[in-house]
Amino acid sequence: MIRLEQIHRDFEVGDQIVHALNDINLDIAHGEYLSVMGPSGSGKSTLLNIIGILDHATSGRYFLNEQNVTDMDELAESRARNRHIGFVFQSFHLVPRLTAAQNIELPLVLAGIAPALRRQKVQQVLESLSLADRAHHTPDQLSGGQRQRVAIARATITEPSVLLADEPTGNLDQKSGSEVIVTLEALNQRGITLIVVTHDKNIADRSLRSLQMVDGRVVSDRHGR
Amino acid sequence: MLAKDFIRLTGSAIISHKLRSFLTMLGIAVGISAVVILTSIGEGVHRFILSEFTQFGTTLIKVSPGKTQTMGMSIGAFGTERPLSIDDAEALKRLSFAKSVVGIIQGNAEVEGNRRTRRTTVFGTGHDFPNAFSMPLQRGQFLPDDDPLAPRALAVVGSKVKAELFGDSNPIGRRIRIGGDRYRVVGIMASKGQVLGFDLDDTVYIPLARGLEMFNRVGLMEIDLLYHEGVPEDRVVSGIRRLLVTRHGREDFTITTQRQMLDVMGSILDIITFAVAAIGAISLLVGGIGIVTIMTIAVSERTAEIGLIRALGARQAQILSLFLGEAVVLSAFGGIAGLIGGFGIAQLLHLLIPALPVHTPWTYVLLAEATAIAIGLAAGVIPARRAARLDPVEALRDE
Amino acid sequence: MIASDIIAYAWQSLSRHRGRSLLMLIAMGISVASVMLLTALGEGARRYVHDEFASLGTNLIIVLPGRNETTGAGLNAMPGVTPRDLTLDDARALARHSAITRIAPLNVGAVEASWQNRKREITLLGSTHDLLKLRHWKLAAGQFLPDMEWERTTPVCVIGKKIRDEIFGPHAALGQWLRLGQNRYRVIGIMASEGRTIGLDVEETVIIPVASAQSLLNTPSLFRILIETSSRGAMPSVIEFATAVIRERHYGEEDVTVITQDAVLQTFDRILSTLTYAVGGIAAISLVVAGILIMNVMLVAVSQRTAEIGLLKALGASRQQILRLILTEAMLMSLVGATAGFVIGIFGSWGIRLAFPELQVYPPFWAILTSLLVALVTGLLFSLLPAGKAAGLDPVRALQGR
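Protein chains in written order, with the numbering used here: chain A, 528 to 752; chain D, 202 to 600; chain B, 678 to 1079.
Chain A with its partners taken away, still in its complex shape (with noise of 0.2 angstroms):
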């Protein structure tokens, strides 16, 4: 379903050039749930940034849906983020000014979808994230672990093929923190393909995949737990 063919990534800096993402090569099929793990600086957050279409190859080839991403042009990727893949981020990213339903239907917004469906779809996945009692709360009114629950309700509202997400766990305590896995996780059990970066080896001890990243490299693809 993702299929990476000789992917490297240069960044300039200053007049040296950083190659943050050097020949990966990376297969993963449907419903797979991945972690990458690495080091600061190793690559693995340019790697979901590239799987995400937010950010470009320098050279290489991006299969998703068997689809060549490579040759999109910024109309096509962006629909194609729209409709196939989910973020979720460390620092959540929510628009402060907006409620939490508000916040979770922006993607179907973007997309042009009729108010009514909006509502139908939000209310659906606020109560599967038993969140329906925080839907007009803004994101200042909600707890950490609320606020990455709403964030994952935004990211799977369009129904995407994969859910990237970087550190989710990151600013949150040890108790949410184990709730947002299990979330993610129960997600990818009813069929999402789900990539995680991480530090945290206990995460990275539950996915079913696990890459290990140096330098922009992949040195470890481990299979199985």
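Just so you know, not all the hints are guaranteed correct.
As the list claims (entries may be wrong) - Subject to a maximum C-alpha distance of 25 angstroms in a straight line, what follows is the list of computed DMTMM-like cross-link-like pairs (lysine to aspartate or glutamate): (1) A:Lys648 / A:Glu604; (2) B:Lys1066 / A:Glu604; (3) A:Lys648 / A:Glu686; (4) D:Lys268 / B:Asp842; (5) D:Lys268 / B:Asp1071; (6) D:Lys219 / B:Asp1071; (7) D:Lys268 / B:Asp878; (8) B:Lys796 / B:Asp766; (9) D:Lys300 / D:Asp369; (10) B:Lys1066 / A:Glu601; (11) B:Lys1066 / B:Glu1035; (12) D:Lys268 / B:Glu843; (13) B:Lys796 / D:Asp346; (14) B:Lys1066 / D:Asp346.
No lab work stands behind these hints, which were simulated from the structure alone. A quick note: this is a predicted structure, and the numbers were derived from the prediction, not measured.
Add chains D and B to chain A, keeping to what the hints say.
Then chains D and B, alone, in the frame of chain A:
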């Protein structure tokens, strides 16, 4: 805080947001330019009109028949039962302060010469006309100092009439017909161009008595008197009044001094310039709102910074002056840019449209700059006070 | 993204920064309101002059002595006298034309009027019976000049209200003998006070038969001949007729100027319209300044919301959508500001109308339309840069708030 450090702190705040500061200044600059350009045009027109009037000298006094005046014109010039006569003009000549006295009748007649005809304005007037109105001759002489009641049939032509009738050839000594009567040309007036829409070159001058006869009139339209410099104006006015009242038995005339005309004209033009400047200042006001907006944003963005310097021991007054300083610098520099821009555009306008007189009045310019700074201060006050009153603990927490 | 969502989103971001948005509204509102008020004033002045002229008479043609080749038929037709007088006979010759409904020869002069021991200088008008209706004047009391032979001198006069007040005071003026120059005239009518018109204050005027005025002023020449035609369409032929008749009577010399009321009115109209445009244009500069402010604030907003824009991109917002969002925000701002300005402008002109009822201060439709349009267009133009900046943000960096 040392002045140098104050300037450095203020300056760094402005420079760190280059585009934002530039746009804020631009708003003020556009407003100031508008004021400068508009007042430049206003003042230019003002000076132009005043010079049109003062070219006749400021010691000129006009006496017109009748006491009723409408829209600056004397109804008596159209007709009255007690007209001003040639004898009145001659009597005025004998006043000690009178330098030149000319009676005038103005009409319209067909002039024929060199087998061409043209309808023009005809002035019946006297020998002193060029002196009284500072109108030099281009060639030949003006009407001679003949017996005012029986002058010879001589005429002086304006440059346009000369060009239309005689082209390049010399008309002096040639015969022309004015309103059917024969005249000999003795002089050509130098070109004066248009004064307030009236073409002074499309004119013919003949002796006053012949003008009255030609137009079948008994009275003069006006008598103009040029007095010697240094004589007090009210003495001249009262002298003229006394003499004419003695002659007519009552005051059935109006005396208008050039100074009165200039005063009236000047105050009207001042009002116009001021009004135009005020309309331009609307833009300045909007520019001021721009400063308020940007300073409000700056304060809310730099809340943490304010908390920090408060924690480091800055007093409220210092915070206030820092933000006020920033606002004033923005408006002052915007103002200066606007002054330069406005002055430049005004000059450019003058180059493109030479007919448009332009003069940048420096008092207005300084006033505009002062206004800009005042706007900066006024606009800075609310945000700066908000900054100064921030609770340092709260402010630091904002980080 | 559907339109209502775009607007709702933009509205939410604006209302989050109330103070800042309010200031932008004020800036835009002041600009639009000042354009509207100033053009309304200009338009009011134009209408005032227009109505003044219209009250002078309809389908009016004016014949005046003298013709100048450079000045042409303009406003500053000088107090022309000509070698050959414009006479009562000329006027009568003109009256032959069938399309002429009324004709009034006119003499003007300054004369001293006295009654008992009260004196004052007055404006003397010599004319005929038709003048009253031709100029749409009204009488307060008595009657106007009798309908009689133009050449007859009859010692009667019609006086203005101010003359009555100042010379006769509390005494009844009708029937009194008013001395003008050397002769005495019986007061037969008093003009209503409304007749104040451009260039001539009827209140300070005494009207006597034209022949009497000519003898009093000692001139055979007329000052003007006023002609009223039966219809507007007849005017050109009457003008042609008048010019031809006078030329023929003056032995082939065309020494009169024939102008229409409309021509004079048009000149005033042109001047005042130009003035209105100029004043409106000057005020519109402030719209540009308001535009600069909007641009500045939108730039600030974009830089403050970098992370949010990054998020929108991550959620699948295209460059186009971001552009549209920011533009909508700016447009919404200028629209609300312009509407506020519009309301202020409408109320402001209403206020001016209350204070000066004689001025019909209504903002002209074109000014409303253009100022609103210009406000929107400036809002759009000046937000292109910030919107472009937002749309061009790199999502990865933007998410990090850089």
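Cross-check of the supplied hints:
no. : hint                  : verdict
1   : A:Lys648 / A:Glu604   : holds (24 angstroms)
2   : B:Lys1066 / A:Glu604  : holds (19 angstroms)
3   : A:Lys648 / A:Glu686   : holds (10 angstroms)
4   : D:Lys268 / B:Asp842   : holds (19 angstroms)
5   : D:Lys268 / B:Asp1071  : violated (83 angstroms)
6   : D:Lys219 / B:Asp1071  : holds (21 angstroms)
7   : D:Lys268 / B:Asp878   : holds (14 angstroms)
8   : B:Lys796 / B:Asp766   : violated (34 angstroms)
9   : D:Lys300 / D:Asp369   : violated (36 angstroms)
10  : B:Lys1066 / A:Glu601  : holds (16 angstroms)
11  : B:Lys1066 / B:Glu1035 : violated (52 angstroms)
12  : D:Lys268 / B:Glu843   : holds (16 angstroms)
13  : B:Lys796 / D:Asp346   : violated (40 angstroms)
14  : B:Lys1066 / D:Asp346  : violated (83 angstroms)
The structure does not agree with the numbered hints 5, 8, 9, 11, 13, 14 stated previously, though it agrees with the rest.
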